[in-house]
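S.K.: The listed protein sequences derive, respectively, from chains A and B. At position 94 of the first sequence the residue is numbered 94 (my numbering), and the sequence of numbers has no breaks. At position 267 of the second sequence the residue is numbered 267 (my numbering), and the sequence of numbers has no breaks.
Since the hints were derived computationally from the structure, they do not count as laboratory data. A few of these clues could be false.
As the list claims (entries may be wrong) - For lysine to any residue, the following SDA-like pairs were computed, each having C-alpha atoms within a straight-line distance of at most 25 angstroms: (1) 80/B with 438/A; (2) 56/A with 201/B; (3) 56/A with 410/B; (4) 35/B with 154/B; (5) 364/B with 145/A; (6) 410/B with 81/A; (7) 39/B with 20/B; (8) 421/A with 364/B.
Predicted model, so just to flag it, every value in this text is computed and none were measured.
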Amino acid sequence: MPDVNFIVDGKKLTAPAGTLLIDACKSAGIEIPAFCYYPGLSLQAACRMCVVRIEKAPKLGTACTTTVAEGMNVTTESPEIAQARKATLQLLLGNHPLDCPVCDAGGECELQDMTFKYGAADSFYAEPKNHREEQKWSPVVYFDRPRCILCYRCVRMCGEGMDIFALGVQNRGSSSIIAPNVAPSESPDHMAALDCEQCGMCIDACPVGALTSGTYRYKTRPWEMNHVATVCTHCGDGCKTTLGVRSVNEGSEIVRGDNRDKSGMNGDFLCNKGRYAFDFANNIERLSSPLVRQSDGKLKPVSWEEALTFAGKKLRELRDAKGANSIGVIGSNRTTNEESYLLQKFARTVIGTNNIDHHRTADFVTLATALQGTTTADGKPRFASQRCVEKSPAILLIGGDPTNEAPLTAWNIRTNVRLNKARLYVANHQDIKLKRQAKAFAPVAEFGYAAFIDSLASANDFSTAVKAEEKLVVVVGNELRGGELAKLIAALPHAKFALLADYANSRGASDMGVLPDVLPGYQSLKGSTLASEYGAAGQSQVADAPGLDLLGMFDAASAGHLSALYVVGSNPIKRFGIDASALKNTFVIVQDMFLTETAVLADVVFPAANLYEKAGSVTNSYGDLQLVAKAADKAGVRSDFELIVRLADKFGHDVKTLVPFGKGLRAAGMSGDMGQTRGAQSGEADRHSVWLTANNLEPKLSPFDPFAILDEIQRVVPGYDKLLRLQLLSGNDQHIAPAASGLVQIQTGRKDLVLPAADTLFTSGSLTRFSPMLQDVQRHQASEHTDHLASAD
Amino acid sequence: MPTLVSHPDEVKVVSRRFGMGATDIDKYIELDGYKAVQKAIENGPEWIVNEMKASGLRGRGGAGFPTGMKWSFVPKVSEKPKYVLVNGDESEPGTCKDHVLFLHDPHSVIEGTMIAGLAIGSKVGFIYLRGEYRYLLKIVEKAVADAYAKGYLGKNIFGKEGVDFDIITQTGAGAYEVGEESALMESLEGKRGVPRIKPPFPAVVGLYGGPTVINNAETIANAPHILLMGGEAYAKLGSERNGGTRLFGISGHVERPGVYELPMGYSMRDAIYKVAGGIKDGKKLKAVVPGGSSCPVLKADEIDVGLDFDQMAKAGTMLGSGGIVVLDESVSIVEFALRTIRFYQHESCGWCIPCREGTDWIKKTLTRFHAGGGNKKDIDNIQYLAENMMGRTFCPLGDAAAMPTLGFVKKFRSEFEEYLEGKRVEHPLIQITPIGEPALAGAH
Ligand SMILES: Cc1cc2nc3c(=O)[nH]c(=O)nc-3n(C[C@H](O)[C@H](O)[C@H](O)COP(=O)(O)O)c2cc1C
Ligand code: SF4
Ligand code: SF4
Ligand code: SF4
Ligand code: SF4
Ligand code: FES
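Generate the whole structure from the sequences, applying the supplied hints.
M.R.: Next comes the structure, spelled out in structure tokens:
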């Protein structure tokens, strides 16, 4: 669209023709009040708050529906306009309860802000206000009808944004009311209810306190919280979530999750888990003291010193007695990149084994291998970012069900189709919900994806259309792995690819080399510079030969060949259905939040902090790197990072070779001083290091500072070398394409090593049962679910 | 069912077949029916539009938009199908003319719809009837069926190869707001009856997203007559820039209430005193609501005005939908204002804040005021509310509620003040039901 010139409040402005006046003004720093306008949703022109004076127009016009035109002359503030807005507010307030002192929205309410600005505090109505009792629509969504100003943001967010259409308007005129999709007559308890995805997007969009969050309501005032932007721990999509944190006796507690600043790549979006499922952190079953198995066979709380010393010494004994390759290490798909990196470095240089693996939820190894050295038609790497899904003109979705497994991916696909008319092609063995957005759908037989890939080679409507797309992004579900995945990648030689994985850092664990057959960045065990660097750091050269994979470790344990197993943030016993007896002759150390099926078998259990309680970085399924910030603090727990370092120390390893900290600032050597320096432990590591970096100071002050390891990652992991530290620290995502050269062909792993989490919207692996909210929502959905979602077709 | 009335001053064009049994298709044909449409097929769209333009016909739905011009706005080529939409939602209190039209001459609406279709290149027309007019649906449906039976509707109409036209009928669900053209389209598409954002206007993006001409039923029924008599001849019947004649529903305190067809520009005084026989029972005239309840009231000394769109606008009010409500001295303006706002409060679709909340607060305030609990500040508040609704709402319903309210409190302020002092005009006829009961949509 060509640019047009126009004048707003005397300022000469330019914007592309067709731009909405309200948006054009916003870009120029002129804020026009709006209740019903919401970027990206359909226009309403219902609230009449955005009225402005447009020269030559007979009456005030709405800036939210007017597009800029050449020569237009607009006034956005004048006594006439202020009066119009004031009158509108007076009308709203006439029936508004004005219970701001107890209202959740108080302090964050657009109606309050507008009233403050236009001074509509006087009321001249004698009649009583309409009152209605509040309604509980679901465990997470409550509705206070009298506070509703009928801006229809919730209705549109649910319908247009979520494609759920669970909310609508009932009645007309002053009896109009927002209503959920389960009528009282259809609900088991005869109350109106919501049968939906329980995402809370409607609550986030609500400008007032009419829709409130079941987990947050009446808990605190917004100004009493610290708001920390971090990344959701649940699925692999990497949504930014803002956690509201309040001080409590045992540290600080997360009381709210939302998406207020909208600065993440998830834009407006958060799903149920990202918004509400932080409550596992406060679960009473949370471990808060190290446990060591006693001679009576019971786990007993002991001091940190005792537990660490015991674990470190025992591990050393076993390594020295039975050899490094008798020890296995299992990493996590929820720990930070720094922790994952550190853990594999620990395995390879402290213990000296390649026996390291994690619960893989997608075949990133094949992805990295198959894409190595290839580029798109315009010479770009073929790793797709989450942002490609949001912007690309064409998307091919093969397998998977993003709506349930990767909700942000689903949101981005829907939004791209809706707002940019992107073409979506879906190939699936099920009628997944995204079929509704698809331009073409190719049904695939169950386990028939190989045949589908073959069909891409033949000339049928679907394959012809897909192959004609010049800028195609292919999103692949976990159905495709190994050779089939490689074949697919070869069949669409110019497309960009992404794999759907589960949990916040599955991709990170792969990229960081928590794998038995490659080093970080998928580098060779043999002959790479990293291999020799590790050799220098450890006691001996890193072994050339791949180590045991996760299942191999348990096979070895069953055969009596695994002397010790160190498990960090993972529950393989449950996830892989492994018989507990496999570990009966193995010394097991587990770091976890809860006494999981794996932790109960351990000899030492360390209570670990979760992703919301530490700083570092994570990489989502697409390779988008983001910062996680420490939001909450739990007394009695330690970050996995710190635990790995401390264990190495007790193992008798020179910690300085594990974490290169304190260079230039501190004297060499760290014994006796584990560097409780300001910043590292205070939960402000990230912010502190911004300051240090800005002042040209070395930010790595202690062996527990994850940024010391981030430096090393940046130095030695191909792809991560391009990251911009300041971008990361300011909370922006950066896309990482694993290096285009130097990759190795991996040995063909066992196919069953990739085990999708099979999570739904309301599950998150082992965390599910520790989140009362998820439990509540599952019960609610089971009782209210009729066929509302299906009938939205 | 209203009995037919007539008066020598009438000039009968659309009403010329009233009372002649023209619901019967053969009778209709005998009375020159379905000739105009055949002439239209022969002469083509450009000719039709030119005749319509020459006729000076302005929309009879209320806004008075020149019909020929409206038809010419429809793009010649369109990817999506084009539609003709007949607005028979007639719900404005005081308005009852389309009712008589459907009752006595449904084929003229059908024929007019076909002509509009030919003019814009549409093959489908919809006749949308007010929900409460369900009993008229039978008449209209029979007329449509008879036209199909004769081969006048359907494929190759009148035996002309490739000339197709279908008509679909639909009733509303009892909402005044769906008379507004874009809300009507929403309703017809099966959605909530709330208006759409304009632009785009219906001529470009209308029903199901296709270019659409929407006209009032009476507007449409004029088309066959115009094509038969010629646009210029039709124009000459009326006043300057206001071609032809129009149906006026004169109701209230007159001797001979009814629907009369009078030339545009005809004197309002004569309409009341000559045509409708003057004020009932020899009482004195107090006020006139000139064009349906949304038009600002005229006082007894303001009725020397010609009944056309421009003269009425000059007089500070509107010709509207042609429903003239005559109030004699026995009417309490306070009560009348309450009645009026109750209608608009009940009919506000609720989409936008000023109308939804404004009508509600005016109604609440007036209800208390009327019940004797008012004070002087209320009069100011009512005026303030109405002034702040004017021009600020999403669709004209908000104005339609504010305008008469403003008229009442401004022109009859002293009566409101006297009401406070207990000097009330006790009305013998109208009983106000307690608020909370829904007021009926429309009034006859
Ligand atoms: C609130 C409201 C109600 C209306 N109701 C009717 C109606 O019942 N019948 C009608 O013909 N036009 C009605 N109109 C006018 C229509 O929007 C539209 O202008 C008309 O159908 C156009 O036809 P015309 O050009 O033939 O007058 C209404 C307008 C508004 C704002
Ligand atoms: S919604 Fe806003 S104005 Fe209303 S009670 Fe809550 S804080 Fe106050
Ligand atoms: S919580 Fe339910 S109603 Fe609200 S936007 Fe999400 S799906 Fe829709
Ligand atoms: S509930 Fe909130 S978002 Fe929904 S219409 Fe009411 S005020 Fe708007
Ligand atoms: S003015 Fe607003 S609330 Fe009133 S009918 Fe029109 S759109 Fe609905
Ligand atoms: S923001 Fe424009 S009318 Fe609501």
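S.K.: Hey, residue 421/A versus residue 364/B, does the alpha-carbon distance stay inside 25 angstroms?
M.R.: Between residue 421/A and residue 364/B the Cα gap is close to 48 angstroms, so the pair fails against 25 angstroms, i.e. violated.
S.K.: Take a quick look at whether residue 39/B and residue 20/B sit within 25 angstroms of each other, Cα to Cα.
M.R.: Within the cut-off at roughly 24 angstroms; holds.
S.K.: Would the hint linking residue 56/A and residue 410/B be met if the CA-CA limit is 25 angstroms?
M.R.: 28 angstroms, violated
S.K.: Run the distance test for residue 35/B versus residue 154/B: straight-line Cα separation, threshold 25 angstroms.
M.R.: Satisfied, since the Cα-Cα distance of roughly 17 angstroms is no more than 25 angstroms.
S.K.: CA of residue 410/B to CA of residue 81/A, is that 25 angstroms or under?
M.R.: 24 angstroms, holds
S.K.: For the pair supplied as a hint, residue 80/B and residue 438/A, is the alpha-carbon distance within the 25 angstroms limit?
M.R.: 22 angstroms, holds
S.K.: Hinted pair, alpha-carbon criterion (25 angstroms max): residue 364/B, residue 145/A. Please report holds or violated.
M.R.: Roughly 20 angstroms separates the two Cα atoms, so the pair holds.
S.K.: Sort out whether residue 201/B lies within 25 angstroms of residue 56/A, counting only the CA atoms.
M.R.: 20 angstroms, holds
The structure fails to meet hints 3, 8 from the earlier list, while all remaining hints are met.
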